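Here the protein sequences line up with chains A and B, keeping their order. Heads up: the first sequence runs through residues 30 to 412, numbered per our numbering. Heads up: the second sequence runs through residues 2 to 375, numbered per our numbering.
Source of the hints: derived by calculation from the structure; they are not laboratory data. All figures in this text were calculated on a predicted structure; none of them were measured in a lab. Among the hints, erroneous ones may be present.
[To be verified] Computed footprint of chain A on chain B; a stretch qualifies when at least three of its residues, placed anywhere within it, have a C-beta under 8 Å from a C-beta of chain A:
1) 45-56
2) 138-147
3) 313-323
4) 334-344
Idealized CB from N, CA, C, for every residue including glycine.
Next come the chains, spelled out residue by residue.
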Amino acid sequence: MGEKKKVDVEYSPFESDKFRVNIGPQHPSTHGVLRLEAELDGEIITEVIPHIGNLHRCMEKHCEFKTYPQIIPFVDRLDYCSAINNELPYVMGVEKLLGIEVSDKVEYIRVILSELNRIGNHQIAVAAFGLDTGAFTPFLYLFRDREFIVKILEHCSGARLLYNYFWIGGLARDIYPTFKEDCLDAIKRIRITNAEIMDLLINNKIFIVRTINTGILPGDVAINFGCTGPVLRGSGVPFDLRKAQPYSIYERFDFNVCVGTGELGTIGDSWNRNIVRMNEMEESCKIIEQAIAQMPMEGDVREKVPKRVKPPKGEIYSCAENPKGELGFYIVSDGTDKPSRIKVRSTGFSNLSVLPDISKGYMIADLMVTLGSLDIVLGDVDR
Amino acid sequence: MENFINGFINNEFITALIISIIPLIFVLLYALIAILGELKISAFMQERLGPMRTGPWGIFQPIAEVVKLLQKEDITPDAVNKPLYNFAPFLMFAASYACFAVIPFSSHFIPASLNLGLFYLLAASSLGVISIVMGGWASNNKYSVLGAMRSASQIVSYELPASICLLTIAALTSTFTFGGLGVSKELMTAVGGTHNGFLAGLDIQHINVAQSGGFWNWFIFGGPGNITKIWVIPFTMGLALIYFIASLAETNRTPFDISEGESEIVAGYFIEYSGMKFAMFYFAEYANMYIVAAIMTILFLGGWTSPFGDYMNGPIWGAFWFVSKAFAVVFMQIWVRWTLPRLRVDQLMNIGWKVLLPLSIVCFLVITLWGVLH
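Let's have the full structure, built from the sequences with the hints guiding it.
Take a look at the structure:
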């Protein structure tokens, strides 16, 4: 037992009308280990500085010492809420370097699982956003129904969060026999819950007054900051990589790009960013239904998986629409079985960078709502 | 009740001691039940099981929590103002406990049968805000100061509509005491209605007696009177709703829990507290829930009177009715908490000053006008 340390504290009144508070890294609503340094004038925010890097794991440097297949588990851990979606652009990029064309069945499974994972991610996003406004019950309802998606992914890959399921040239293993029925069941369940969440949370009067007209992000500012995903679309910019530069087999499906319309509040406010996620879940359900109707069940998902991944010299930028925005991998190959350099264009980093700009002049409670509506995952921001 | 106990013990002092300890035992027992109720009701609403391991159906969970809090290290941070920091939780609990002096259990047991009971309740329940500011400021933490300031402004502004609700019912009761509308003079004097005039309405006994004779005589349904009261019913019901909303704000419960809004200022004014001092704040919150529920019961739900007239009426049944009505209101508070999101501080002030206060004044004018016309 050490001696009790004496701390000198002046009991003076606050010397000025502004003071600084540290929000995080240990704070219930910073969505991980983010530290926000906020300057407050009473309850009004005059300045916010996000300090990132608490979850920096040197992922990009690590990748230079691993073979290409060994990197897939690292990629999972970027945005751990949507691991399947992280694997997709990486394996697509390496396949393009190798010149592998995967079979239709693999493409369909990849799309179905990506969209299921997108729904799961948006469910977490909406749930955590509700929690930021103080609604605890919808959080548990959404997590209860995310379980259906997690079960499907668990049946396929054996893991519940970090799947390592998309392999270069195929999949880790084949899907299970009742896969299609389970997916349709999950969609049915998701639609019921989303209707319930619309009643309980999204159209709740208190929730509406809390979230409309807070953290307004105009479309041009969003483009300048490099925001993508629901954050950009909430500002009314209809940019979706699945439509803008269709990868995999997305051009075969009929779906809409959801944008914030400003039916309540202003275009680009927290409510509009959130409603984009709610609508995207429905669009994802539509894609899954179409994909399940078209998907062939026969074929070996591992027939194209190469024994040794050794791409020729070259470099490639491969990107895909992650639930949170554009996730890109810039892969430089020097002809060995390990990449020379991998750079991740992460969604959360760009989306978080807009926070100081859009939270000034609002109250401290609005800062949490704005941060929640940006839907960041610190594994993705810090890498 | 005093006479009953005094008959056994024959000592004024010990009698007073016993009388004052009964509410303390009640509030401790009640807090345990309410904590378990909160855990189980929220679990039911969220399709969880809630605590299941401590005893059958988890009924010993609140006891386990109290034991846990007792065992915890009582941390006093170096940077705090020690006297105020240590005193605040006890003042908070004392303020809640003081309110129990005038909260009746039945027609024959009110710990202190003051003739200005409502005034006393207002005064005693306002003490709590001092301890919140005290604890928040003395903790020397920016979060706790923010929480304390929010809480103080919130409680002060919501006390106004709540007070007007109390005033309305007091005025209505005075009318009935004067006019004898539906209430017999004998009944009034039987329960100790020794004074009359306007102050009669501030006596909790009078308020309750005025509502006796079935649920249609409760003040939420316009109080006693003939069929002409039907057009005043919307106003009394609105008044009851205003009081319920204001009482949620006074007890810092969702959707008005901005003073301890966990997503912004983590825990608000008690962020630095641990162990038994934290438990004091925790207990006081639940005690305050019961106090506002009891006031709601006294003012609008007929107090200890039976909803079925003379059926199941009497001193023992009175305790049953009073506690069950108050628990029903507590259940409503828990229900609201697990359904709604939280308001922002400026929206909270807007609702308090721009909606509830004018509406309560309108209700006050209409209801007292109706009283005068009779």
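Hints broken by the structure, by number, lowest first? Violated hint: only 3; rest satisfied.
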